[in-house]
Structures are given as C-alpha cells and as structure tokens.
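**Student:** Taken in order, these protein sequences are the chains called A and B.
For any residue, its number in our numbering is found by taking its place in the first sequence, counting from 1, and adding 1.
For any residue, its number in our numbering is found by taking its place in the second sequence, counting from 1, and adding 3.
One should not assume that every hint holds.
Claimed, not checked - Lysine to any residue pairs mimicking SDA-like chemistry, simulated, CA-CA at most 25 Å apart: (1) A:K106 with B:A39; (2) A:K98 with A:F24; (3) A:K57 with B:K12; (4) B:K12 with A:F24; (5) B:K12 with A:L59; (6) A:K57 with A:K98; (7) A:K57 with B:G74; (8) A:K106 with B:K12.
Source of the hints: derived by calculation from the structure; they are not laboratory data.
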Amino acid sequence: MTMKTHMKSVRGLGSAHSGTHHFWMQRVTATANVFLSIAFIIILIKAAGSDYEAAKALVASPLVAIAMILFVVSGIYHMHLGMQVIIEDYVHTENFKIPLVMGNKFFSIVIGLSCIYAVLTLSFGG
Amino acid sequence: MTDVDLKGKRPLSPHLQIYRPMLTMTMSIVHRITGAALYFGTVLLAYWLIALASGPEAFDTAQAIFGSWIGRLVLFGYTWALLNHMLGGFRHFIWDFGLGFGEQEREWLARLTLGGGLILTALVWIIAYSVL
Chain A
2 MTMKTHMKSV RGLGSAHSGT HHFWMQRVTA TANVFLSIAF IIILIKAAGS DYEAAKALVA
62 SPLVAIAMIL FVVSGIYHMH LGMQVIIEDY VHTENFKIPL VMGNKFFSIV IGLSCIYAVL
122 TLSFGG
Chain B
4 MTDVDLKGKR PLSPHLQIYR PMLTMTMSIV HRITGAALYF GTVLLAYWLI ALASGPEAFD
64 TAQAIFGSWI GRLVLFGYTW ALLNHMLGGF RHFIWDFGLG FGEQEREWLA RLTLGGGLIL
124 TALVWIIAYS VL
C-alpha cells in the first residue's frame with residue numbers, strides 16, 4: 002500500500018524531484034565522451050611537440066575547434082555529475098555538503114568556459 | 004539495557020577494511036579515483052588552451068612544463084586515468100543492460116578493464132613518440 006497519489010507515481014520524479022535525469026545525463030555524456038575522448042587524444046598527439054604556430058593553426062581549424070568544444074562541454078558536464086555523486090556519498094553534514102556541491106558547479110563552469118573561450122579566441126583569429 | 008548508547012555508538016554496517024580486497028572491488032574504487040583525477044586534471048587542459056590563446060611566450064612555457072620528464076609522467080598518468088575510466092564506463096554500460104553479473108563474467112570484466120587500460124595507454128604513447 003502506498004501513500005502516493007496516482008499523479009505522483011505517473012510523474013515518477015521521486016524524492017529528488019528530478020527522477021532519473023542525473024543518471025540518464027551521466028550515461029548520455031559518457032557515450033559522447035567515448036567518441037570525443039578519442040578525438041581529443043588524436044588532437045593532442047598531433048599537437049605534441051609542435052611549435053606555437055602549428056599548434057595554433059591546429060586548434061583554430063574548424064573541425065578540431067568543434068571537436069574540442071564538444072569534448073569540453075560533454076566532459077565537464079559528465080565530471081560535474083560524477084563529483085556530485087562523490088560529494089553526496091561521503092559528505093553527510095549539510096554545512097559542508099552545500100558549499101561543496103556549489104563549489105563543484107563553480108569549478109566546472111570556470112574550467113569549461115575558460116577552455117571554450119580559449120578555443121574560440123584561437124578560431125576567431127585572436 | 005540501561006547502558007545502551009542510542010546517540011553515539013550505534014553499530015555500523017561493515018565497511019571497506021572488513022573485506023578481503025578483490026579485483027572487482029579494486030577496479031570499482033579505481034574507477035572513482037581516476038574520475039576524480041580527471042576532474043582536477045582539467046585544470047591542465049584549461050592552462051594549455053589559455054597559454055596557446057595568450058601567445059608564443061606563454062605557450063612555450065606550457066610546452067616546456069608538459070615536455071619535462073615530470074610533465075610527461077603526469078600526462079602519462081592522465082592518459083591511463085582517461086582510458087581506464089573509459090573502459091570502466093563500458094563495464095557499467097554492460098551492467099546497465101543487466102549483463103555481466105556472473106561470477107566469471109565480472110572477474111573477466113575487471114581484468115579486461117585493468118589490462119585494456121594499460122595496453123591502450125602504452126599504444127597511445129608509442130604512437131605519440133613515433134609521430135614526434
């Protein structure tokens with residue numbers, strides 16, 4: 002016997018009020034990361050040992066820039082979700098948990114936007 | 004029953020130190036540690052891209068740091084963390100489909116994650132050095 006209303010069951014959002022969204026986005030970004038990480042490794046191998054002009058031309062070229070931005074967006078999203086799970090697993094006092102969860106978001110956004118800004122600067126001929 | 008401490012010393016369920024270390028458990032912990040390492044390692048990627056966008060001098064400094072033996076060691080570790088975490092992710096995908104939970108299967112998945120991560124890392128670096 003459940004105390005839930007039918008509407009509550011149908012919505013299926015549970016106690017977190019967001020349903021399986023966290024789990025699902027973890028899997029979506031993980032799938033994207035498989036392809037984007039391979040592209041990222043290939044780009045870095047090409048950039049390894051190259052001088053400034055060559056590295057700049059490489060990262061600024063459209064396909065490489067797009068792959069890098071996609072990798073950063075998907076990777077940062079994924080790592081943000083993962084770190085939130087780690088925090089929620091180990092930190093049980095609200096006074097520590099809330100700043101850490103917030104700090105995780107700040108760190109992810111700062112790193113993500115810094116990377117994207119740098120790639121766009123190179124692409125648009127900075 | 005007067006000396007029961009209901010607040011501080013309630014019994015807890017057994018934690019890691021109680022169990023004999025097993026490969027499946029170790030690879031699960033390694034998956035989390037590599038994930039955390041990749042998280043903080045994104046600072047390196049941001050630094051490299053910002054240096055490249057800043058100009059030749061900043062970029063040469065970055066290349067010198069990453070090209071030094073300690074820089075290469077960190078990047079080698081980062082490559083392994085990325086590839087091991089990727090293979091650990093495949094393990095989770097297989098489990099998501101309800102497969103690979105058998106006694107032999109889960110052992111093999113852990114072995115393949117460990118071995119595959121090391122082999123792929125070596126492969127990436129052999130290719131990188133042959134290109135240089």
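**Student:** Starting from the hint list further up, note which numbers the structure goes against and sort them upward.
**Tutor:** 3, 4, 5, 6 and 8
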